[in-house]
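Turn these sequences into a full structure, and let the hints guide you.
Residue numbers (our numbering), protein chains in the order written: chain G, 473 to 816; chain Y, 9 to 301.
Hints listed in this document are in silico derivations from the structure and should not be mistaken for laboratory results. Here a beta-carbon is modelled for each residue, glycine too, at the ideal position from N, C-alpha and C. Take these hints with a grain of salt, some might be off.
[Unchecked claim] A partial selection of chain G residues facing chain Y, derived with a Cβ cut-off under 10 Å:
{"no.": "1", "residue": "504"}
{"no.": "2", "residue": "528"}
{"no.": "3", "residue": "559"}
{"no.": "4", "residue": "561"}
{"no.": "5", "residue": "584"}
{"no.": "6", "residue": "650"}
{"no.": "7", "residue": "695"}
{"no.": "8", "residue": "698"}
{"no.": "9", "residue": "763"}
{"no.": "10", "residue": "807"}
{"no.": "11", "residue": "808"}
[Unchecked claim] Distance ranges between label pairs, derived from CB positions:
{"no.": "12", "chain 1": "G", "residue 1": "692", "chain 2": "Y", "residue 2": "69", "range": "57 to 63 Å"}
{"no.": "13", "chain 1": "Y", "residue 1": "94", "chain 2": "G", "residue 2": "504", "range": "28 to 34 Å"}
{"no.": "14", "chain 1": "G", "residue 1": "546", "chain 2": "Y", "residue 2": "260", "range": "40 to 46 Å"}
{"no.": "15", "chain 1": "G", "residue 1": "535", "chain 2": "Y", "residue 2": "98", "range": "29 to 35 Å"}
{"no.": "16", "chain 1": "G", "residue 1": "775", "chain 2": "Y", "residue 2": "66", "range": "54 to 60 Å"}
{"no.": "17", "chain 1": "Y", "residue 1": "246", "chain 2": "G", "residue 2": "749", "range": "37 to 43 Å"}
{"no.": "18", "chain 1": "G", "residue 1": "539", "chain 2": "Y", "residue 2": "206", "range": "39 to 45 Å"}
{"no.": "19", "chain 1": "Y", "residue 1": "39", "chain 2": "G", "residue 2": "798", "range": "28 to 34 Å"}
{"no.": "20", "chain 1": "G", "residue 1": "572", "chain 2": "Y", "residue 2": "293", "range": "35 to 41 Å"}
{"no.": "21", "chain 1": "Y", "residue 1": "24", "chain 2": "G", "residue 2": "719", "range": "26 to 32 Å"}
{"no.": "22", "chain 1": "Y", "residue 1": "152", "chain 2": "G", "residue 2": "555", "range": "26 to 32 Å"}
{"no.": "23", "chain 1": "Y", "residue 1": "70", "chain 2": "G", "residue 2": "801", "range": "47 to 53 Å"}
[Stated by the list, open to error] Within a straight-line C-alpha distance of at most 25 Å, the following computed SDA-like cross-link-like pairs (lysine to any residue) qualify:
{"no.": "24", "chain 1": "Y", "residue 1": "268", "chain 2": "G", "residue 2": "630"}
{"no.": "25", "chain 1": "Y", "residue 1": "58", "chain 2": "G", "residue 2": "544"}
{"no.": "26", "chain 1": "Y", "residue 1": "58", "chain 2": "G", "residue 2": "630"}
{"no.": "27", "chain 1": "Y", "residue 1": "268", "chain 2": "Y", "residue 2": "97"}
{"no.": "28", "chain 1": "Y", "residue 1": "73", "chain 2": "G", "residue 2": "630"}
{"no.": "29", "chain 1": "Y", "residue 1": "268", "chain 2": "Y", "residue 2": "49"}
{"no.": "30", "chain 1": "G", "residue 1": "649", "chain 2": "G", "residue 2": "631"}
{"no.": "31", "chain 1": "Y", "residue 1": "268", "chain 2": "G", "residue 2": "767"}
{"no.": "32", "chain 1": "Y", "residue 1": "73", "chain 2": "G", "residue 2": "770"}
{"no.": "33", "chain 1": "Y", "residue 1": "268", "chain 2": "G", "residue 2": "544"}
{"no.": "34", "chain 1": "Y", "residue 1": "58", "chain 2": "G", "residue 2": "631"}
{"no.": "35", "chain 1": "Y", "residue 1": "243", "chain 2": "G", "residue 2": "626"}
{"no.": "36", "chain 1": "Y", "residue 1": "58", "chain 2": "G", "residue 2": "555"}
{"no.": "37", "chain 1": "Y", "residue 1": "268", "chain 2": "G", "residue 2": "626"}
{"no.": "38", "chain 1": "Y", "residue 1": "243", "chain 2": "Y", "residue 2": "49"}
{"no.": "39", "chain 1": "Y", "residue 1": "58", "chain 2": "G", "residue 2": "623"}
{"no.": "40", "chain 1": "Y", "residue 1": "268", "chain 2": "G", "residue 2": "555"}
Chain residues, written in single-letter form:
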Amino acid sequence: MPGPQPVINKEVAVPAKSEGGLLVNAGDSQFADRVFSWAMLGCALCVLAIVGLIVYELATKSRLSWHTFGLKFFFQSDWDPVNEHFGALPFVFGTVVSSILALILAVPLAVGVAVFITEMCPRWLRGALAFTTELLAAIPSVIYGLWAIFVLVPLLREYVEPWLARYFGWTSEFTHKLGFQGPFEGAPYGIGMLAAAIILAIMVVPIVSSITREVMTAVPQQQREAVLALGATRWEMIRTGVLRNARAGIFGGVILGLGRALGETMAVTMVIGNSPQISASLFAPGYTLASVIANEFNEATGDTYLSALVEIGLALFIVTIIVNILAQFLVWTVTRGTPARANV
Amino acid sequence: MSDIVTSTFTSAPVSLYRRGMNGLVTFAAAGAVVMVLAPLVAVFGYLIYKGIGSINFAFLTQIPKPPGESGGGMANAIAGSALILFLGSLAGVPIGIGAGIYLAEYGRNRFGNVIRFTADVLNGVPSIIVGIVAYGLVVLTQGHFSAVAGGVALAIMMIPTITRTTEEMLLLVPNAVREAAYGLGVSRWRTTLSITLRTATSGVITGVMLAFARVAGETAPLLFTAFGNTYWNWKIGQPTAALPLQIFTYAISPYDEWHKQAWAGALILIVLIVASVSAVRLVASRGMLKGAN
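This is the structure we're talking about:
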């Protein structure tokens, strides 16, 4: 191809102009090379240092709370700043329940979207759809929160929650026997666990679906062709040829979504109601680990209070790290066989 | 695809159940797309519908009025966001690119894998925790909230994204290009900077813009670092307003006037973010490497 040739030549020709100078300075370049590689190493070490600093800051600043309350910090449910007695159980509960609920809502949708984009939709629509779903991930958390306060919450309060209470309210008869409130019982405030879970689900969908797409694309084309050649319909091909091969990676995507949901702060803070209580009802307000830090960190008077909040941060940090590592490992088990995109 | 199936099986027709199942799943997947796009359309629709009416000259040029008074704007928050983002980029972009260069050019070994892994871990750290750390590092040592503290928090969030995309882009540059430069007697650092990095410029810029768009809307790490301010502030050592913070404060306030302003601010924020993401998309579609397409 004569076309691209001159372009490449031009790229290389740039330093060639100063060739004489470079060759004369060849003695210095060894020193310069070393300085440059050290500088780059320094930048790389910064990444290590940042993570080290995060661990150090969280560990030292939470020591007081750790010494005062020990492990029972996470198993006690009274959060009483006035008497300096802190238990993080309501926040653990809120975080876990809202995240799990969000995943239950998000995962089928995300996998459906990924299947549609990679296996079903016409080629011309593929790029546009992928871009639009990724746009969902670009919307800042605070804007989701704003939208949820003024659009989602009234919608839940007026229509969805009364409807759920009417048709699924009977579930409380069983839970009452066990001594719990029903999941769809209580006043429909709109604000509460359900609103938080829905907004989290919307935020988690693009992450799960983009990872799912990535691992589905990594499944070799021959797999699809082989299953089709055996007479499978398209769905049977997707189920046995694609999803089964990609399931570990899809699970990895789900776990990655969980990591995002656990640490999500602003949107949840704006709609969950911020009340440290444990209630079996999805209509009731709750509180999460991240939102208690966001709300109370600036107002935390007293060392124990601040230290308790940092300890919550430390717990959140450790959990999200473990979750992310697990997710990366799972995705890697599916995509390792395919040639890395960046390799030449 | 369905054409292939039906034509191949004219002799042995696919059972009604299997065809029905196939159709049902196709329908369900298309339904999932609609359900996922619905909130997107709803969010953008409401942002434009509620926000556009409140964007005017005063909104873009004035500082907030006290609650109860109408008028006023978010000019100081927009400027403050720009200041904090600038400070964040000042630290985050060079370190991120440098670490990316290290990984691509020197880090093809076990130590490189450790850095790579650490960057991925850092990428998953919740933003609120970055806020706590920046508070401990900067605010406590300085004794007050500041734009610098906000910048540090945003820089920490930008670094892993920039590092990983820079590495990926540099690895796209064919080795032959590096070898050609070495063959001409160009030193290694010169090759890396003026040949490899320059060839991958648009890809690297893409990564920077993506990181930028990601942190531009971050609120949680600014809550206890930049803190917010209702007045103009250009001093990097003082509490500074930021657009996402202002949106948050106004959204949870009880005043209608402030709610309107929150929508307007959100519209401006999303326009900036979508514009940069789309610009990235445009650049990316033209190819990440100079002269490669």
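request  = Determine which of the earlier numbered hints do not hold for this structure and return their numbers in increasing order.
outcome  = Going through the list in order, the structure violates hints 3, 4, 6, 7, 8, 10, 11, 14, 16, 18, 25, 27, 28, 30, 33, 35, 36, 38 and 40 and respects the others.
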